[in-house]
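Chemist: With chain A fixed as given, assemble chain Y onto it according to the hints.
If you want the building blocks of each chain, they are given just below.
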Amino acid sequence: MKKFISVLLLSVLILTLTGCEASTKKEISFADAGWDSIKFHNAVAGTIINELYGHTWTEISGSTTVVHEGLIKGEIDIHMEVWTDNIATYDDDLKNDRLKELGVNFDDNYQGIYVPRYVIEGDAERGIEASAPDLKTVWDLKKYPEIFPDDDNKDMGRIYGGIPGWEIDRILENKFYFNNLDENFIYFRPGSDAALSAAITSAYEKGQPIAAYYWEPTWLLGKYDMVLLEDNPFNPDTYQNGETELPAVRVTVGMSNDFAKDNQELIDFLSKYRTSSALTSEALAYMQDTGSDYVEAAKWFMSEHPELLDQWLNTKDAKKIKDSLNK
Amino acid sequence: MSAGWIYNFPFEININLKAIDDAVRAFSVKYEAFFKVITKSLGGLVNSINFVLNKIPWFVLILLVFIVIWRTSNKISKGIIFSSLLFLVGVAGLWNLMNETLSIIIASVVISLLFGFPIGILISTSNRLNKAVRPILDTMQTMPVFVYLIPALLFFGLGKPPAVIATTIYAIVPIIRLTNHGIRQINAEVVEASLAFGSTKLQSLIKVQIPQALPTIMTGVNQTLMMAMAMVVTTSMIGATGLGMEVLIGVNRIEIGRGLVSGSAVVIMAVILDRATQGLVQRSEVKTDGQ
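Line by line, the protein sequences give chains A and Y. Residue numbering for the first sequence follows my numbering, starting at 413 and increasing by one per position. Residue numbering for the second sequence follows my numbering, starting at 48 and increasing by one per position.
Don't read these hints as lab results, they were simulated from the structure. Backbone N, C-alpha and C fix where the C-beta goes; we use that ideal spot for every residue, glycine too. There is no bait here: all hints are sound.
Derived list of chain Y stretches under chain A, where covered just means 3 residues or more per stretch with a C-beta under 8 angstroms from a C-beta of chain A:
no., region
1, 70 to 76
2, 187 to 200
3, 203 to 210
4, 286 to 293
5, 297 to 311
FRET-style restraints, in silico, Cβ to Cβ:
no., chain 1, residue 1, chain 2, residue 2, range
6, Y, Phe162, A, Thr549, 44 to 50 angstroms
7, Y, Ala179, A, Gly486, 50 to 56 angstroms
8, A, Asp674, Y, Tyr78, 55 to 61 angstroms
9, Y, Pro191, A, Ala690, 30 to 36 angstroms
10, A, Trp551, Y, Ile128, 48 to 54 angstroms
11, A, Pro545, Y, Ile183, 45 to 51 angstroms
12, Y, Tyr54, A, Asp722, 35 to 41 angstroms
13, Y, Ala80, A, Gly486, 53 to 59 angstroms
14, A, Asp552, Y, Ala179, 52 to 58 angstroms
15, A, Phe646, Y, Glu59, 47 to 53 angstroms
16, A, Gly534, Y, Val138, 49 to 55 angstroms
Under the rule of at most 30 angstroms between Cα atoms (straight-line distance), these lysine-lysine pairs were calculated in the DSSO-like manner:
no., chain 1, residue 1, chain 2, residue 2
17, A, Lys711, A, Lys734
18, A, Lys548, A, Lys566
19, Y, Lys83, A, Lys554
20, A, Lys566, Y, Lys77
21, A, Lys618, Y, Lys77
22, Y, Lys65, A, Lys711
23, A, Lys739, A, Lys728
24, Y, Lys65, A, Lys618
25, A, Lys485, A, Lys507
26, A, Lys618, Y, Lys83
27, Y, Lys83, A, Lys566
28, Y, Lys77, A, Lys635
29, A, Lys673, A, Lys438
30, Y, Lys87, A, Lys554
31, Y, Lys83, A, Lys555
32, A, Lys731, A, Lys684
33, Y, Lys87, A, Lys566
34, A, Lys566, Y, Lys102
35, Y, Lys87, A, Lys618
36, A, Lys739, Y, Lys65
37, A, Lys438, A, Lys485
38, A, Lys566, A, Lys618
39, Y, Lys87, A, Lys555
40, A, Lys548, A, Lys635
Looking at chain A on its own, in the form it has when it is part of the complex:
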């Protein structure tokens, strides 16, 4: 028994020592709020930082609110996709200097109710007839409850709404009532991001109609041909009530105050970091099609778009990254 204990203690000691050795290198923690595009941007930024400065990187997962808190507390160093509209306290936090906003990652994203294109136009190749040829706007849905049937309630249609807890869920529910869709439709909460994308994937693969909330940039909208239903022109005062189309969200890059103190070179790089919704969707669709992981996709993306590296980095560093990609 004594021998066993001493062996145990010894192994614990060795493990702790080796652990200490490993932690002398700097490890940057990125926020992983749970969706694909943020992980992709983490991989792009992480790969560049690793190549230029030798820091390793890791991700800390949590919900939007949790990783935002983590950034403020300094447990997370860099947040590549702060969806500013989805965080109620964001403006306040920025005003009180609780975090650093470095720049805008992208602000050309769309979100709203999507239907597959074959629902409106049909798809001769797959032998699908257009089931709702006159569907253009959100309120047109009212004419087609039988096209989007709800499993639980006969005679009612189903609209897949926002993920419970996201700000958008509230707005979409308002939109649902504003357009009087409650007369012959059910507002269905999918429960989670994974469930929502599974529902859309499943319907699309089977060629069935579906009307669901989704947003860009995502692999899903990069891969599947979906149409965003039109709505009234955007009005900042009334969109919260669901009366108009949804605004593009400013998605920024954030850094914690602690980390910003002595990492000027990373601030310089990330302040210039800018992509677009279309670029991100492209990379995510590549990932989905080839089954590559985020780092592979990041490397593919940078070699496809070397012009971005020139925008983000100085000539010397950009060349260094390009050389490493060609290796």
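Modeler: Relative to chain A, chain Y alone:
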């Protein structure tokens, strides 16, 4: 770096994950009609249970809980406490949501018992079968729920039908295990005696072994019910409405009050169902001891 193989696995096989994805998707498309039938019938089952529950006047249900708890615990005070807790759920405006959740639970538990009880008896008769089934049961209980929940969505869509399936997969295990265990732990002499007196194997099973094992089996029923309750919030992540969805919304929006109130309602439901079925366990114990 030369000793890298000590810390890093020397070789890795690239599993073709994409092929698995494609196979599952193709399967879901090919057998769509079949899955549709299952989905429809599960949805129908849950909806009809919900319909019946909604037709029961609230005071009747509260009275029923009072009587059941009183009879099973032999204490009037307990009956009053639990029925007033149920009253609180109604006061909090969660009555219909509770019925919705309850209908998913009842459907899953009924299906679990329907399949689990015979399977439990079957594996109690054969050591080989028991050994073969055990790892499957372990997998069902430990496989992270979302791993099979998302494929289930491809087959069964979102909402209550996949919720019932996921709950059943998780909750069927205790009834199988405890039925098996209950029958196995009976004294061999008792079974032998029954056979010696000329009963057939089936008679021995129905008239001697199952009654003897009843307390353990009832514990299994109780555990199955509790497992089903544990899935309430998880299944709301695939769109099952009811109390679980309230909890999910409350938690995701950090509306602590909303989460706490609906979470408490789940607890009250669980406690009442637990006490009522535990009462059954105790009564079945008294019976077998008395005989």
